[in-house]
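Which chain is which? The protein sequence lines are A and B, in order.
Heads up: the first sequence runs through residues 10 to 177, numbered per my numbering.
Heads up: the second sequence runs through residues 23 to 578, numbered per my numbering.
Some clues are possibly wrong.
Unchecked claim - Restraint-style ranges between C-beta atoms, simulated for each label pair: (1) A:R174 <-> B:D318: 37 to 43 Å; (2) B:V133 <-> A:R15: 31 to 37 Å; (3) B:D132 <-> A:L145: 28 to 34 Å; (4) A:A137 <-> B:N268: 28 to 34 Å; (5) B:T217 <-> A:A75: 58 to 64 Å; (6) A:G162 <-> B:D318: 31 to 37 Å; (7) B:E55 <-> A:A75: 41 to 47 Å; (8) A:L173 <-> B:G368: 58 to 64 Å; (9) A:A75 <-> B:R197: 56 to 62 Å.
Hints in this document: simulated from the structure, not taken from any laboratory.
Bear in mind the structure is a predicted one, so any value in this text is a computation, not a measurement.
Cβ coordinates follow ideal geometry from the N, Cα and C atoms, glycine included.
Residue-level listing of the chains:
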Amino acid sequence: MPLLDREGLREDVWVPAAIDATSGTHVLVAWEQLGPALAERRNDGKIGVAVPNTIKIDELRPFFEAIALISITFPGFGDGRGFSLAKLLREAGYKGVLRASGPLIADQFSYALFCGFDEISLPEANAARQPIAQWLAARKLITNTYQRGYGSGNILDQRRAARLRSPA
Amino acid sequence: MYRYDEFDAQFVRERVGQFRTQVARRLDGSITEDEFKPLRLKNGVYLQLHAYMLRIAIPYGTLSSRQLRQLALIAEKFDRSYGHFTTRTNMQFNWPKLRDVPEILDLLADVEMHCIQTSGNCIRNVTADHFAGIAADEIEDPRPTAELLRQWSSLHPEFSYLPRKFKIAVTGSARDRAVVRAHDIGLRIVRDPKTREIGYEVMVGGGLGRTPMIAKTIRSFLPRADLLAYLEAVMRVYNLEGRRDNKYKARVKILVHELGAEEFSRLVEAEFARLDGPSVNADPAEVARIAAYFADPAYDTLPARSTAFEAAKAENRAFAHWTSTNLFPHRVPGYTALTVSLKPIGEAPGDITADQMRAVADLAERYSFDELRVTHAQNVVLPYVRKDDLFAVWEGLVAAGLATANVGLITDIIACPGLDYCALATARSIPIAQAIAHRFADEKKQAEIGELNIKISGCINACGHHHVGHIGILGLEKSGQESYQITLGGDATETAAIGKLLGPGLAAEDVPDAIERIVGVYLAQRDSGETFIEAVRRLGLDPFKIALQEKTHAVA
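So here's chain A without its partners, still in its complex pose (with noise of 0.2 Å):
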């Protein structure tokens, strides 16, 4: 499945448990899988987890460190669930790699980030028919939008800032 982040294609490191459980350095395996794979990892190795975008907090929060990946499912673009999940996670510490994954469409590039996700990784029949160039392109053409919260750069703090510069 191709693989994308705010920089264009990548190669994908995580290999699924299901192909090869033991030899990789990074081992991604299903949700129920991860207490198996966490006691029998090799030292050196890393463990991500594949999660359905049902899953609660709460269930994650005592593997942070644990595990240097997140993939989050979203079974079809349309289930906004992903997003606010991975804005949980990242308001609760995980700082570790988050990943969308499922049919989502280039005009979500930029919520997806917003919301903490690192990367996504595409079907490969969608990522054909939305070449990398229009995710990219998609994900610049907001400049600003308006909530707080949700990276940089957003309206109301520049205009606090510039309330700041220039005290009316």
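Guided by the hints, dock chain B onto chain A, whose structure is given.
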């Protein structure tokens, strides 16, 4: 009224550009029809029965003369020279071409307007009391709050793919003219009884549609400064917990109902306590910046009584009659608000021609500080008219065919577009409204009946608010025939109530008779000074049911 700063202007222009690329990417096959659909809906573009429909946001119903003239221009250039005001104070054009939409969006951006989030599973255009800033009973003008929410909800990164649509309404008065309890979130500006501090009563889980619900209060006092953080908590709980397995159970009202208001409130409060409010909320200087745009216009100091107005009433009976129905008291002496009825007998409720738009815009510019309001009842308000000028305004309205004297009366009917336009409709709405209006056209009869709200929807989605009509009419399709169910006792105000079904559905041609029978029961049995809705509450449904069964034959 609010004026865009450089950020707002750039944001709306860029949104137009974004839509252009979305259309282009649909045309070149980069995105599928399924992927394009929510993108066009979030820009107000529907595919209807006969054509595309474009829904333009009129945030909290406030318009300038210049904006209304621009709508007139768009109506003439891209549509059939008329537009339609909806129950959410938006304007709909029913006949634009898809290829013209980006150009229309540019024309809207020229006058600080847009179509952002007038449809789709996102936070929709925010509505407010159409007498904001005018009503004597107002604690605070709700429009600054509504404008803050318009900005906050626009292209929200986290809440643009909700389980279902999400509607917010704000009122600043104890009297509810914005139907806040029929919204996903209703906000009422309140004053803390002890500290006198301004804050909000937060109601959640109202809505009409196939499962009508009255919103529950989950917070009786929310400090003003915490508004955005608290709403973010509500939206996050809904986004994560709202049902996505069934489109008909996906509104927040179902979540509130299934969890119970207490449990829903507990989840919201827990999230609100957890999140970092100061990093989310607008700072007070920003709130003050917005509020300053809604400062009072430059009122003159006038006597409360206008001799010119009294003299004109004494001389002209038609004018006097119109002033008895279409005025609303203004808190400033010598001024009045007036409602321009878009319900002339026999016309489609809420429709307005391009010429009429210009006529009203001219009157607003000359006599109402250049400002207009659109009401959820599909009428237009001139908010700041000197009583001295009323006769001149009325003459202007007469010339434009807009002097119908029926506001709040039985012919001031709310109706959705229905099967004449809408792809979702199961029956016609407009012809039913027209037939009822014809039946009760006599002004004396209307005055005798007094305040009575009839609301008509052409399908179960209830855009015509039939659930909260004193008399509600719901058009369905039963074995290939239109069938109209009648409900009684609905209430759209602070005493909000869902109407109750009177009996089996009726054929279209029997509806005016049925309404006449219902009204007949009221006229025969009312106490002195008792309004229709008060009488229904006292009498119960039975006498009305009996009257209805006497003659009309059921369809199904």
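For each hint given before, does the structure comply? Return the numbers of the non-compliant ones in rising order. Of the numbered hints, 1, 5 do not hold.
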